[in-house]
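Undergrad: Residue strings, one per chain:
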Amino acid sequence: MFSAIRPALLLLALLAVSWPAPPALAQVPAAPATDEAQGRVMARQATKERQLWITADHSKHEALKQPFTSGPEVTKACLSCHNQAALQFHKTIHWTWLDPSEPPDRKVGKGGLTVNNFCVALASNEPRCTSCHAGYGWKDKNFDFTDPAKVDCLVCHEHTGTYKKFPTMAGNPASEPTVFPEDKQEYLPPDWNAVAQSVGRPERSNCGACHFYGGGGDAVKHGDLDSSMTNPTKALDVHMGSKESGGQNFDCARCHTTKLHNIAGRIYSTPAAKDRKSLVQDDLAPKIMCESCHTATPHKSAKMNDHTDRVACQSCHIPEFARVIPTKMRWDWSTAGKMKDGKPFKTDGPLGKPSYDTKKGDFTWEKDVVPEYYWFNGSITNVTAKDKIDPSKPVRLAWPRGERSDPNARIMPFKVHRGKTPYDTVNRTMLVPHLFGKDDAAYWKSYDWATALKAGMEYVNLPFSGQFDFVETEYVYPTTHMVAPKDKALACEQCHARTGRLANLAGFYMPGRDRVTALDWLGWLGVIGSVAGVGLHGLARAFSRRNHKEDKS
Amino acid sequence: MTGRTKIYLYTRYERFWHWIQALLIVLLLLTGLEVHGAFRLLGFKRAVAWHETLGVTWLVLFAFFVFWLFTTGQWKQYIPTTKKLFEVIRYYASGIFKGEPHPVKKRPEAKHNPLQRLTYLGLAALLLPVQMLTGLLYWTYNSWAAWGLGFLSLEVVAALHMLCAFAILVFFIVHVYMTTTGHTLTAHIAAMFSGWEEVEEDEVQDWERARKGV
Chain A
1 MFSAIRPALL LLALLAVSWP APPALAQVPA APATDEAQGR VMARQATKER
51 QLWITADHSK HEALKQPFTS GPEVTKACLS CHNQAALQFH KTIHWTWLDP
101 SEPPDRKVGK GGLTVNNFCV ALASNEPRCT SCHAGYGWKD KNFDFTDPAK
151 VDCLVCHEHT GTYKKFPTMA GNPASEPTVF PEDKQEYLPP DWNAVAQSVG
201 RPERSNCGAC HFYGGGGDAV KHGDLDSSMT NPTKALDVHM GSKESGGQNF
251 DCARCHTTKL HNIAGRIYST PAAKDRKSLV QDDLAPKIMC ESCHTATPHK
301 SAKMNDHTDR VACQSCHIPE FARVIPTKMR WDWSTAGKMK DGKPFKTDGP
351 LGKPSYDTKK GDFTWEKDVV PEYYWFNGSI TNVTAKDKID PSKPVRLAWP
401 RGERSDPNAR IMPFKVHRGK TPYDTVNRTM LVPHLFGKDD AAYWKSYDWA
451 TALKAGMEYV NLPFSGQFDF VETEYVYPTT HMVAPKDKAL ACEQCHARTG
501 RLANLAGFYM PGRDRVTALD WLGWLGVIGS VAGVGLHGLA RAFSRRNHKE
551 DKS
Chain B
1 MTGRTKIYLY TRYERFWHWI QALLIVLLLL TGLEVHGAFR LLGFKRAVAW
51 HETLGVTWLV LFAFFVFWLF TTGQWKQYIP TTKKLFEVIR YYASGIFKGE
101 PHPVKKRPEA KHNPLQRLTY LGLAALLLPV QMLTGLLYWT YNSWAAWGLG
151 FLSLEVVAAL HMLCAFAILV FFIVHVYMTT TGHTLTAHIA AMFSGWEEVE
201 EDEVQDWERA RKGV
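Protein chains in written order, with my numbering: chain A, 1 to 553; chain B, 1 to 214.
No wet-lab data here; the hints were simulated from the structure.
Be aware that a few hints might be false.
[Claimed, not checked] If you want the footprint, here are the derived chain B segments under chain A, 3+ residues with CB under 8 Å:
1) 32-39
2) 71-79
3) 103-117
4) 124-133
5) 182-188
[As the list claims (entries may be wrong)] If you want the ones that stay clear, here's a sample from chain A, every Cβ over 12 Å from chain B, calculated:
6) Gln51
7) His90
8) Glu176
9) Ile325
10) Asp387
11) Ser465
Don't be surprised by glycine CBs; every beta carbon is placed ideally from N, CA and C.
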């Protein structure tokens, strides 16, 4: 018998040797002298070491050696050479804080009537919020947005690391040493000549000065942007990670490419990029998308590449966000205003972060947060204080646009910040609270919601019935930074499973997650039935054979 | 071994094809059911990769099978018939328990009894082609729109593929059991390895008698 099957075994062995191994095991060279995935090769080609060179040493410019006593004076000196800079900058989101693609009367943007569930709204609270405006003196609604001297060049361009805008001075640095009572930190007036002569292209610390601290503190808002990204290791971010840790040491502007002071990136409903193009297709395209450098077919495996049309790279490659510093996940304003011995107080919570603050209410912070996943076409809807809301369900103050049927939509990870935020129970609109100020109407002065909300709504000329309550709100941030090394990317079964990360996304069939339940039942019933059937048949044979033999004997 | 004689029933190619097919079916079922979420064995990624490779291997094997079928005329072994069909059913339902002989004898020119003919024809002409077609469609899901197949539903294709998979699994169970119904438990399996099947001698005697009568 064995001699007969030998040729068959030989054939089988031949087939096994000559047939290609499964993709996962294949050693197919993707490009000359490398077995790396195409997407890595392409990205490396697209981002060779930059040889930046400049033709001006700013410390030698006479204009920057003159005595300065304020920011606008420095700006005027900058503009004496860079005479188009302020005109360019005035047209950008960093100056207007308004979404350029929304109708102007909707006033979408933090400079308009957009409401979030952090400190809710800018209006009537300017001096505190505009410490992150790249300008000087936006202290109320009368700020002159056309004045070139009000642009703050330094906050984005200075390289000494000593330039600090005071948290409550409408974007101005302190003019004399001043302690910020909130964190007991002392702010010194800038050495104007030193900072002015240090200017260059923006570095991570320039962008991070605001974008890492949005919401009034480190890691409060985004979840994927905090001070841990100033000098990350590759484990936290493969692109921005230091060379020593194996990263690429990218600064922000490496991907957030810039034209005329317009920095590539999403702005509310305006997507970061209109078309999905790689640099191979358009060498002047912004590098803002993963695909810009990595192309739409970055993996070795064809089946993996089959995902890129409907699954954003971030979904698998950012397994968790806030991997170093905890981020704020919940903010309940309705509990604000409690006193201890007649005084406002703070309670320390887990993770070294406050869990209660009389000024702000209850907080929840989380670390290593698993994102939520939604269909996303690159655009986010926002609710303004003019929009009607439905308080019977959580109000989605910022929510991703897109659905399965939208060919431009992909599955994207998000941080969802939830909270309870004040709204008008009669007019059914979100309310703008007047929080910050030395006047008695300010909530952080008198802790009286009715007065603070009335003052805030009067400030923006919107109706307020006087009746208010707090409604559940949700606010999303796309998770796009903190890209993990590839061995930390999600495994297939984290989504392709009965109760995986995409368990709640409906409208499509996903292998491993979905099934036709009736068919599965029927199928397994058939399998069990046939096993039972042949089992019984076999038993019957065994018994009848024994009886047969007994009969004979 | 009195009363029995050996005949060469399965050629080398048939045996090779049969066992490769058996191996592929087992592996395809295992990897396929893992992709379906029935259990975890290799991990989803490796299960998918193996399922794809095994599936393509299967297609090549099936192409050789079809070629063999028509070049050798062996397709005639699969022509369905109802003649003696009910005798065979009755044999497996009751006769087998009473030690009766199988109503249809195996001969090289008639390897399959009427029940086998129907079953194998159903497999080769319907179940397996549908399984291959739905498998190919499932695999090439991303190209549907480009091929003008955008109207297809992955859920329906996947459900059909699962339906056929269950049917193949049921066939597999029954088929493996049926191999034990020879004159010994392993007689049929041994024959599929060696090619030589032991059949009852009286068949030969019948044939001889017929010769004598001429």
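Undergrad: For the region 103-117 of chain B, do three or more residues have a beta carbon lying closer than 8 Å to a beta carbon of chain A?
TA: As far as the region 103-117 of chain B goes, the hint is violated, because 0 residues have Cβ atoms under 8 Å from chain A.
Undergrad: Find the nearest Cβ of chain B to the Cβ of Ile325/A and say whether that gap is larger than 12 Å.
TA: Holds, since 32 Å exceeds 12 Å.
Undergrad: Report holds if the minimum CB distance from Glu176/A to chain B is greater than 12 Å, and violated otherwise.
TA: Holds: least Cβ distance 62 Å, greater than 12 Å.
Undergrad: Confirm or reject: Gln51/A is not an interface residue toward chain B, with every Cβ-Cβ distance exceeding 12 Å.
TA: 40 Å, holds
Undergrad: Taking a Cβ-to-Cβ distance below 8 Å as contact, does the region 182-188 of chain B have at least three residues touching chain A?
TA: violated (count 0)
Undergrad: Is Ser465/A truly not at the interface, in the sense that its beta carbon sits beyond 12 Å from all beta carbons of chain B?
TA: 49 Å, holds
Undergrad: If we take the beta carbon of His90/A, is the closest beta carbon in chain B still more than 12 Å away?
TA: Since the minimum Cβ distance to chain B is about 45 Å, His90/A lies beyond 12 Å and the statement holds.
Undergrad: Within the assertion that chain A covers the region 71-79 of chain B, do at least three residues meet a Cβ-to-Cβ distance smaller than 8 Å?
TA: Since three or more residues must qualify, the claim that chain A covers the region 71-79 of chain B is violated, with 0 doing so at under 8 Å.
Undergrad: In terms of beta carbon proximity below 8 Å, does the region 124-133 of chain B have 3 or more residues touching chain A?
TA: Our answer is that it is violated, as 0 residues pass the Cβ test (under 8 Å) against chain A, missing three.
Undergrad: Holds or violated: is the Cβ of Asp387/A farther than 12 Å from all Cβ atoms of chain B?
TA: Given a closest Cβ separation of 37 Å, the condition holds.
Undergrad: Between the region 32-39 of chain B and chain A, see if three or more residues pass the 8 Å beta-carbon test, and mark the coverage as holds or violated.
TA: Since 3 is at least three, the answer is holds.
Going through the hint list in order, the structure does not satisfy hints 2, 3, 4, 5.
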